[in-house]
Amino acid sequence: MCRGCLPTHVRLLGKGVNCPTSCASCASNHEDFVHVFFDCPFSIQVWNMTCLWSSVQYAIFVTDSATGAIFHLLENLSVELTQRLSSVIWSLWKHRNLIVWKCNIDAASSFHQNHIMWQPPGVGRYKCNIDVAFSSHTNRTGIGICVRDAEGTFVLAKAFPYPCTVPVDVGEA
Amino acid sequence: MQFDNVDFETDSKVTADAFLSSMNDLSESGCIISSCRSLFSNLFSNSSVEFVRRQDNAVAHALAIEVTSLASPIVYFDIPNCIESLIINEML
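If you read the sequences in order, they're chains H and S. Its first residue numbered 4, the first sequence is counted upward by one per residue in the numbering used here. Its first residue numbered 863, the second sequence is counted upward by one per residue in the numbering used here.
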């Protein structure tokens, strides 16, 4: 992406491919790299929804190219936000490709995937979540087990510590 | 002792897949898995084991982190502090 390899319509035209240069999501007639990710009203809406637009705007303002802005963001955002940034950029390009190739506009819903949460079990059932954590600092392993009912109400929890660290597959088992 | 209708969830794909496959594996984790399998089939009816994403398993993870600093095993009959807010969030 930062090497300018993405086949946007403007770039294809530059390579001699005869195609329209219109944007897939809006009325603009100049679909280049900067437009797809930072100028298109659809992308701006997505950046706003993911709470990244102000950082993106600032990065574009202090750097002279889209590539520079992306590197600026990667260097300055927290780990969680850089992960979000990469998934948003990936989703924007995926969304654009779905429209161009499959005329599919439902892809916008894929942006909301980061709202994954625990789901309660069916009525009358119990759900038991199990996980293990390792602390290399104290050389200990912990196993956590939590049982909840269909309303999500706490029923019982159990926790075991082990005074050693074990391979991840053994611990999870 | 017999329990019914329990859904077990783990965020370890390897463990869930190993548990659900019928292959016998002689490694250390494989032996633990096969004893889990026999316990499960003896003690639990109408129950399941499945893989979930890490985000769905936050409560168990918080508990596991908490317990690495404890000295002995513990059973909680009331919500422990470390996971109280997570549980309340997930009830919403």
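No lab work stands behind these hints: they were computed from the structure. Treat the hints with caution; some may be incorrect.
[As the list claims (entries may be wrong)] Reference excerpt, derived from the structure (chain H facing chain S, CB under 10 Å, subset only): (1) Gly17; (2) Gly19; (3) Asn21; (4) Ile133; (5) Ala162.
[Stated by the list, open to error] Pulled a few chain H residues facing chain S out of the computed Cβ check, cut under 7 Å: (6) Cys131; (7) Arg143; (8) Cys149.
[Unchecked claim] Restricting the straight-line Cα-Cα distance to at most 25 Å, the calculated cross-link-like pairs of lysine to aspartate or glutamate (DMTMM-like) are: (9) S:Lys875 / H:Asp35; (10) H:Lys97 / H:Asp35; (11) H:Lys161 / S:Glu928; (12) H:Lys18 / S:Asp940; (13) H:Lys97 / S:Asp869; (14) S:Lys875 / S:Glu928; (15) H:Lys18 / H:Asp42; (16) H:Lys97 / H:Glu83; (17) H:Lys161 / S:Asp940; (18) H:Lys161 / S:Glu952; (19) S:Lys875 / S:Glu890; (20) H:Lys97 / S:Asp866; (21) S:Lys875 / S:Asp918; (22) H:Lys161 / S:Asp869; (23) H:Lys161 / S:Asp879; (24) S:Lys875 / H:Glu83; (25) H:Lys161 / S:Asp866; (26) H:Lys161 / S:Glu890; (27) H:Lys97 / H:Asp152.
All C-beta atoms in this analysis are idealised placements derived from N, C-alpha and C, irrespective of residue type, glycine included.
Here's how the hints hold up against the structure:
no.	hint	verdict
1	Gly17	violated, 41 Å
2	Gly19	violated, 45 Å
3	Asn21	violated, 45 Å
4	Ile133	holds, 5 Å
5	Ala162	holds, 4 Å
6	Cys131	holds, 5 Å
7	Arg143	holds, 5 Å
8	Cys149	holds, 5 Å
9	S:Lys875 / H:Asp35	violated, 40 Å
10	H:Lys97 / H:Asp35	holds, 15 Å
11	H:Lys161 / S:Glu928	holds, 11 Å
12	H:Lys18 / S:Asp940	violated, 67 Å
13	H:Lys97 / S:Asp869	violated, 35 Å
14	S:Lys875 / S:Glu928	holds, 23 Å
15	H:Lys18 / H:Asp42	holds, 23 Å
16	H:Lys97 / H:Glu83	holds, 21 Å
17	H:Lys161 / S:Asp940	holds, 11 Å
18	H:Lys161 / S:Glu952	holds, 19 Å
19	S:Lys875 / S:Glu890	holds, 17 Å
20	H:Lys97 / S:Asp866	violated, 44 Å
21	S:Lys875 / S:Asp918	holds, 13 Å
22	H:Lys161 / S:Asp869	holds, 16 Å
23	H:Lys161 / S:Asp879	holds, 24 Å
24	S:Lys875 / H:Glu83	holds, 23 Å
25	H:Lys161 / S:Asp866	holds, 19 Å
26	H:Lys161 / S:Glu890	holds, 23 Å
27	H:Lys97 / H:Asp152	violated, 39 Å
Of the hints listed earlier, those the structure fails to meet are numbers 1, 2, 3, 9, 12, 13, 20, 27, in rising order.
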